[in-house]
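S.K.: Make a model of the complete structure from these sequences and hints.
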Amino acid sequence: MKKVSLEARHISLSYGSHEVLRDIDLRVEPGEFFALLGPSGSGKSTLLRLIAGFNRHQRGELLVDGQDITGVPPHARNIGMVFQSYALWPHLNVWDNVAFGLVERRETRDAVRRKVAAALELVGLADYAKRRPGQLSGGQQQRVALARTVVVEPRLLLLDEPLSNLDKNLRVQMRDELKRLQRTLGLTTVFVTHDQEEAMTTADRMAVLDHGVLQQVGSATGLFDEPVNRFVAGFVGTANLLEGRVEAVEEDGSVRFDAQGVGPVRLPAAALAGPPPAPGPAAMAFRPHQVLLQAPAEPTDPARVWLDGTVESAEFLGEFSRYRLRVGRAALVADQPHYAGHPVLAPGAFVRLGIAPAQVRFLSA
Amino acid sequence: MSTAAAGVRVRTRGAAAAPAGWGAWSVAGAVLAFLVVFLLVPVGLVVYTAFVDGAGAFTLGHFGNFFGQSLFTEAFVNSLVVALASVAVASLIAVPLAYLTVRFEFRGALLIQTLGVLPLVMPPFVGAVALQLIFGRNGSVNLLLDEWFGFKVPIMDGLVGVVFVESIHYFPFILLNLVAAMRNIDGAMEESAQNLGARGLRLFRRIIFPLAMPGFLAGAALVFVKVFDDLGTPLVMGVTNMLAPQAYLRITSVGIDDPMGYVISVLMIGFSILALWLAARMTAGRDYATLQKGGGSLQRRRLGRGQAVLAYGWIALVLAVVLAPHLAILLMSFARVWSFSVLPDAYTLDHYAAVFADAQHMIGNTLLYCLLAAGLDVLIGTAIAWLILRTTLPARRWLDSLASIALAIPGLVLAIGYLRLFRGVDLPFTDTPVITSWVLIMLAYAVRRLPYALRACMAALQQVHVSLEEAAQSLGATRWRTARRVMVPLMAGGILAGFVTSFVTAAVELSATILLTSAESQAPMSYGIYLYMQSAAGRGPGAALGVLAVVVVALGTWASHRFAERSRTPERATA
Amino acid sequence: MPIRSAATRAPRIRTLAAASLLGAIGALAQAGTVTVITSFSKDLTDPYKKAFEAANAGIRLEVLNKNTTAAIAYIKELPAGQRPDVMWASAPDAFEVLARDKLLTAAPEVKNPHTPAKIGNYPINDPNGLYYGQALAGYGMMWNTRYLQANKLPAPKEWSDLARPEYFGHVAISSPSRSGTTHLTVETLLQGEGWDKGWTQLLEIMGNCAAVTDRSFGVPDGVNSGQFGIGLVIDFFGLAGKYSGFPVEFAYPSVTAVVPANIGLVTGAKNADEAKKFIAFTLSREGQQILLEPRISRLPVLPYADLKVPAGYPDIQAVARRAKVQFDSQLSESRYQVVVSLFDQMVTFRLKELQAATKAIHDAEKKLKARPSAQGSDLVKQARGFAYSPLVGADTAKNEQFLELFRKNRRDVAVSKQLTGQEELWAGKAKANYAKATELANQAAALAK
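Same order as they appear, the protein sequences are chains A, B and C. Just so it is clear: in the first sequence, position 64 is 64 by the numbering used here, and no numbers are missing. Just so it is clear: in the second sequence, position 171 is 171 by the numbering used here, and no numbers are missing. Just so it is clear: in the third sequence, position 366 is 366 by the numbering used here, and no numbers are missing.
Treat the hints as calculated values from the structure; they're not laboratory data. Predicted, not measured: the structure shown is a model, and the values here were computed from it. Be careful, since some hints might not be right.
[To be verified] Only some residues are given here: those of chain B computed to face chain C with a beta carbon under 7 Å:
no.: 1; residue: ASN65
no.: 2; residue: GLN69
no.: 3; residue: GLY136
no.: 4; residue: ASN138
no.: 5; residue: GLU191
no.: 6; residue: ALA519
no.: 7; residue: LEU531
[Claimed, not checked] Pairs of lysine-lysine residues, derived as DSS-like cross-links and limited to a Cα-Cα distance of at most 30 Å, are as follows:
no.: 8; chain 1: C; residue 1: LYS366; chain 2: C; residue 2: LYS152
no.: 9; chain 1: C; residue 1: LYS242; chain 2: B; residue 2: LYS152
no.: 10; chain 1: C; residue 1: LYS381; chain 2: C; residue 2: LYS436
no.: 11; chain 1: B; residue 1: LYS152; chain 2: C; residue 2: LYS352
no.: 12; chain 1: C; residue 1: LYS242; chain 2: C; residue 2: LYS50
no.: 13; chain 1: C; residue 1: LYS324; chain 2: C; residue 2: LYS111
no.: 14; chain 1: C; residue 1: LYS369; chain 2: C; residue 2: LYS431
no.: 15; chain 1: C; residue 1: LYS429; chain 2: C; residue 2: LYS398
no.: 16; chain 1: C; residue 1: LYS381; chain 2: C; residue 2: LYS308
no.: 17; chain 1: B; residue 1: LYS152; chain 2: C; residue 2: LYS359
no.: 18; chain 1: A; residue 1: LYS115; chain 2: A; residue 2: LYS2
no.: 19; chain 1: C; residue 1: LYS352; chain 2: C; residue 2: LYS367
no.: 20; chain 1: C; residue 1: LYS431; chain 2: B; residue 2: LYS152
no.: 21; chain 1: C; residue 1: LYS66; chain 2: B; residue 2: LYS226
no.: 22; chain 1: C; residue 1: LYS408; chain 2: C; residue 2: LYS431
no.: 23; chain 1: C; residue 1: LYS367; chain 2: C; residue 2: LYS449
no.: 24; chain 1: B; residue 1: LYS152; chain 2: C; residue 2: LYS367
no.: 25; chain 1: C; residue 1: LYS366; chain 2: B; residue 2: LYS152
no.: 26; chain 1: C; residue 1: LYS197; chain 2: C; residue 2: LYS398
no.: 27; chain 1: C; residue 1: LYS398; chain 2: C; residue 2: LYS76
no.: 28; chain 1: C; residue 1: LYS352; chain 2: B; residue 2: LYS226
no.: 29; chain 1: C; residue 1: LYS66; chain 2: C; residue 2: LYS102
no.: 30; chain 1: C; residue 1: LYS157; chain 2: C; residue 2: LYS359
no.: 31; chain 1: C; residue 1: LYS359; chain 2: C; residue 2: LYS431
no.: 32; chain 1: C; residue 1: LYS152; chain 2: B; residue 2: LYS152
no.: 33; chain 1: C; residue 1: LYS449; chain 2: C; residue 2: LYS366
no.: 34; chain 1: C; residue 1: LYS66; chain 2: C; residue 2: LYS276
[Unchecked claim] Quick list of simulated restraints, FRET-style, between CB atoms:
no.: 35; chain 1: A; residue 1: TYR15; chain 2: B; residue 2: GLU74; range: 49 to 59 Å
no.: 36; chain 1: B; residue 1: ASP426; chain 2: C; residue 2: GLU424; range: 37 to 47 Å
no.: 37; chain 1: B; residue 1: TRP398; chain 2: A; residue 2: ARG27; range: 42 to 52 Å
Quick reminder that beta carbons are idealized off the backbone N, C-alpha and C, glycines included.
M.R.: Laid out in structure tokens, this is it:
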């Protein structure tokens, strides 16, 4: 199968006066496993269905393999889609479900038999050919849906929240299988999810959407480490956002930041990553797991920036404890890895927070 | 028979999808054309004729003449009274039964279910004839009463007789709707009321019945409309001072040009629409289907001793009365002579022999007209369901309303409309006048049964998740092939149920049939029964034919329930 | 393989079938079919159909069952060339109406030479040769023997018997507007006793009625099943019931007329040639013999000498000779609308009030018999006068202008208004009269204490 690219250029879609997708521009490389990530209502499913042909955009172009397929009806696009509910036909058995697309393409009986057998083999359901969908488990149904879609050799594979109906363990298992399948087939794949963990572990690259607007496109680490705005910072991973103003950038490159409700914070230049931020309102963003909590008496590492605060509440989560802290008038979160024998800090305890400047990002958006 | 409320919120996914293609438009066009030519125009013509004089100018003179004649005003009042009284009596029968079913742990529940179906398999005009022999002035019951107690109950005389016959035929509409509504009430409603101190009859009156009111109203409205519009029953019972018989008499004796017939038609349509609209208004916005996931229905109690006796007694009485017409028609079909006696003198199989010898063509006609009509109905019903639920055609909901208007049109009025509209028109490619061919009968059946088939098809299609069709499309199936390979097979159970319901109700239709049947060779079974009942020696074969009709209807109803049940089993999309 | 649901295939097959059927239907209704429009029941038409088709292979008989007025309306509304071929009904005035509108065509070749020219003084065939007598009928009373026995009533002999108090609530009749035969019965009574006396007697009998049925068959049906005790019927209704095994008897009163039931060829019929064959068949010996079957029990026009007559069968010739009335169908037809309308307004729609008045009168007379009172008797006489006088006098009934009004087209709003106004007048007056009669009778009864 030839690997094809998918490109959306200035795509906008509205239902009446309600804008669902605004000026979406993105490109999926041939053979890529691409994720569309966003909360519900972000428009990610709409975009996926638009690619499949079930929604129609009012502006913009949709190019598959360099050709605009706007206006081409779904059945002529040769784009495979696996639905969130799997949409297996209850009146057909597994074999017939998988064979459906081949029958539509008027393939010969032999070809059909060969291909369906191969597809079922690929997903590991060769023995289930005569079963009905109602007799299969969730994971098995998804595999049938996959087999059905890939057996017709589509140019593109679309997956709509493929793992959200599965329980946790199965989800992990299916994640790996999906990844493996995609590698084997080399199909350009776009899948939609609201779960950032899912997106980060499976996708080569991902795009984050919020309220129909593309927030950021990039690799998982790219989005995690270099979020472009508060939304991405908070959506991909958890983030502490200290609102305030960048007062000035000194000659030596250090940043003076006036955090609201906390006070001035000075971050030494040497440790900062990337170009210095412009003066003005910004949020100082850093991840909870990068914060070091110490008792006030303990000696502090000069490389870090230290703030004083109190523990408001603590949640024990096994691998780590999550503390909600009050620093000045700001509320911050710190995750501390847990070791047996080290007690969880009690609410009301005074602590010191050590922030590594290299991990701080200033977000103006 | 289904709950009249169809408050489904339709959200077609992909509202910004490809605008409806020529396929959708042509289907909509064909459906619209059918509805316009065979429903709107004839009815419109009837309404129009009532308001024009001989010169074609608008006039209210005919209405003036109508209300000026005490005969007609009497007929009008009688029809209203009879319809309302039938609703009242039917409620009297149905409400206690519904209460018993839902409220109590009750082994007679199956009995009540049967009661809910039995009356509907016998068309009222067939039952009316037979009931004369049991409840008439000198029928079995009165002869016995006179012998034992010295008095008689004139329950079959005149308007009272009509009310009696109609009530025991139509009460299941109220029963079924009420039971369904009561079953949907969340138990928590009742429990919180009890928590606040209400119980027993007060609880029923203040909480349960008001919550079940929409169901009750839906059933009551249906009963009102059907009784108000019924021609066959009063005609067969010899009651002429009601609206429907008067219209029929005027049209047949004075001629198709008599304005009175049209005035009456307009009144009948008006009131039917009014009743249905009122019911819809009163149930709209009161979606009392409060049963939540994880909640239970109303509590069920055990019957006390005395209560049990009363309950079973009432059920037995109702059962006896409901079974009476079936029993009577059965006896009549086997009776040699039954006159002024409690039971027939002697029995014979001759009547059945006569029917199978002479009336085979009637059975064939019924099959022909009703199969065609039902087929047409599910075809159009599926098309409309598809248009409404799967396309984005503007104003497509109007098709549903248009098709459903047929419920409010009495068969008599539709027939008058056809006779007037197609007067002078010949069947294409022949020189046979349309009004003398059976095509009109079949079309009248199809049009009048369409609302039922439409409801069934809509319900069936609603159960097919749209993703099942989108999956087919993404695999390369065009819209047409998707419909053929996925949509229709998954709707099959519901479609079949709708088909059978259409068939079965068409098989016993008489109002339109009487006016549209010209020749005896065209007669379907219902008309055949009517014809047979016109002669002394024909009563036996008429009853035999009636029994056959009941058997057909019963089988069909049973089959329809089975299909509908099967389509509801979890062979649906794994959502 | 996916399931090919019947529901997908079936509609297509059916549409195909329907289309081919449509074509076939058109073809079928052509040559080889004789269409007969008749008010006669299946009991009569079925044997004729069977016998005729057996004797004439290739000809099909199509029966349109409509009551007489509907039949006339039906014929009038169809264009020439589309009309049914044969009209076959009891009421001679229906044929008069058709003849006048030139809707009947002469076909003298169908006549059977053995048929006598007259029955009593009445010509069997139309003097103008447009229609032919096919059967004979008289009018009389039928009663249910069990019913009479249970209610200890004697069998009636004359019409006037039915006015007697003991028959109150036991009699049934159909409405002349709905039943051609009932209209003939009423006309017979009127012609026999004269307009005023006839109406009086009629109304007295109607006061004893339990019901005025919508169809003429409703009366014999009710008597057969024991719902009513006595019915005013055409003879074959009573005879057919009797010979079908019902416990009923029939008798001709002396005030009866024997009138032919007629058959005629419709002008502009589709299939005139073969229609003539059918008409001839019904008049032939074979066709006449069918009339004598027990389920039919009609009287033939052919003399009994030519036929096999069952034992005990009424001798219609004798009845005709006895019959006091020479039926004048011209007269009947000319005042048809008036009679029918008057009957409906005075009787059919006012039955309750008439019954109440009659009951009151009977009660009063019973009481007065026990305790005579001159004043009381006088009051009762007045009551009778109110209750049983026709609202239209004999002279008005002969007035041509008056009669003409009733023949006009009702579609005209003005005419319709006039007519309904007249009918409304009668209805009101009748109601008032009956109320007055009841009042007077009650007063009389009070006096007899």
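S.K.: So, for every hint listed, does it hold in this structure?
M.R.: Here is how each hint holds up against the structure:
1. ASN65: holds (5 Å)
2. GLN69: holds (5 Å)
3. GLY136: With a closest approach of 5 Å, the B/GLY136 hint holds.
4. ASN138: B/ASN138 check passes; min Cβ-Cβ to chain C is 4 Å, inside 7 Å.
5. GLU191: It is violated, given that the least Cβ distance between B/GLU191 and chain C is near 45 Å, above 7 Å.
6. ALA519: Status holds, d = 5 Å.
7. LEU531: holds (6 Å)
8. C/LYS366 - C/LYS152: holds (18 Å)
9. C/LYS242 - B/LYS152: Roughly 27 Å separates the two Cα atoms, so the pair holds.
10. C/LYS381 - C/LYS436: holds (12 Å)
11. B/LYS152 - C/LYS352: Holds. B/LYS152 to C/LYS352 sits at ~19 Å (cutoff 30 Å).
12. C/LYS242 - C/LYS50: Since the Cα atoms of C/LYS242 and C/LYS50 sit roughly 24 Å apart, the hinted pair holds (cutoff 30 Å).
13. C/LYS324 - C/LYS111: The given pair, whose Cα atoms are some 28 Å apart, holds under the 30 Å limit.
14. C/LYS369 - C/LYS431: holds (28 Å)
15. C/LYS429 - C/LYS398: Between C/LYS429 and C/LYS398 the Cα gap is close to 21 Å, so the pair holds against 30 Å.
16. C/LYS381 - C/LYS308: violated (52 Å)
17. B/LYS152 - C/LYS359: Holds. B/LYS152 to C/LYS359 sits at ~19 Å (cutoff 30 Å).
18. A/LYS115 - A/LYS2: holds (18 Å)
19. C/LYS352 - C/LYS367: holds (22 Å)
20. C/LYS431 - B/LYS152: Holds - the C-alpha atoms of B/LYS152 and C/LYS431 are around 28 Å apart, at most 30 Å.
21. C/LYS66 - B/LYS226: holds (26 Å)
22. C/LYS408 - C/LYS431: OK: C/LYS408 and C/LYS431 at ~26 Å, within 30 Å.
23. C/LYS367 - C/LYS449: Status holds; Cα separation ~8 Å.
24. B/LYS152 - C/LYS367: holds (26 Å)
25. C/LYS366 - B/LYS152: holds (24 Å)
26. C/LYS197 - C/LYS398: holds (15 Å)
27. C/LYS398 - C/LYS76: This hinted pair holds, its Cα atoms lying about 28 Å apart.
28. C/LYS352 - B/LYS226: holds (28 Å)
29. C/LYS66 - C/LYS102: holds (20 Å)
30. C/LYS157 - C/LYS359: holds (22 Å)
31. C/LYS359 - C/LYS431: holds (15 Å)
32. C/LYS152 - B/LYS152: Holds - the C-alpha atoms of B/LYS152 and C/LYS152 are around 17 Å apart, at most 30 Å.
33. C/LYS449 - C/LYS366: holds (12 Å)
34. C/LYS66 - C/LYS276: holds (21 Å)
35. A/TYR15 - B/GLU74: 49 to 59 Å: holds (58 Å)
36. B/ASP426 - C/GLU424: 37 to 47 Å: Once the Cβ atoms are compared, 42 Å apart, the range 37 to 47 Å for C/GLU424 and B/ASP426 holds.
37. B/TRP398 - A/ARG27: 42 to 52 Å: holds (45 Å)
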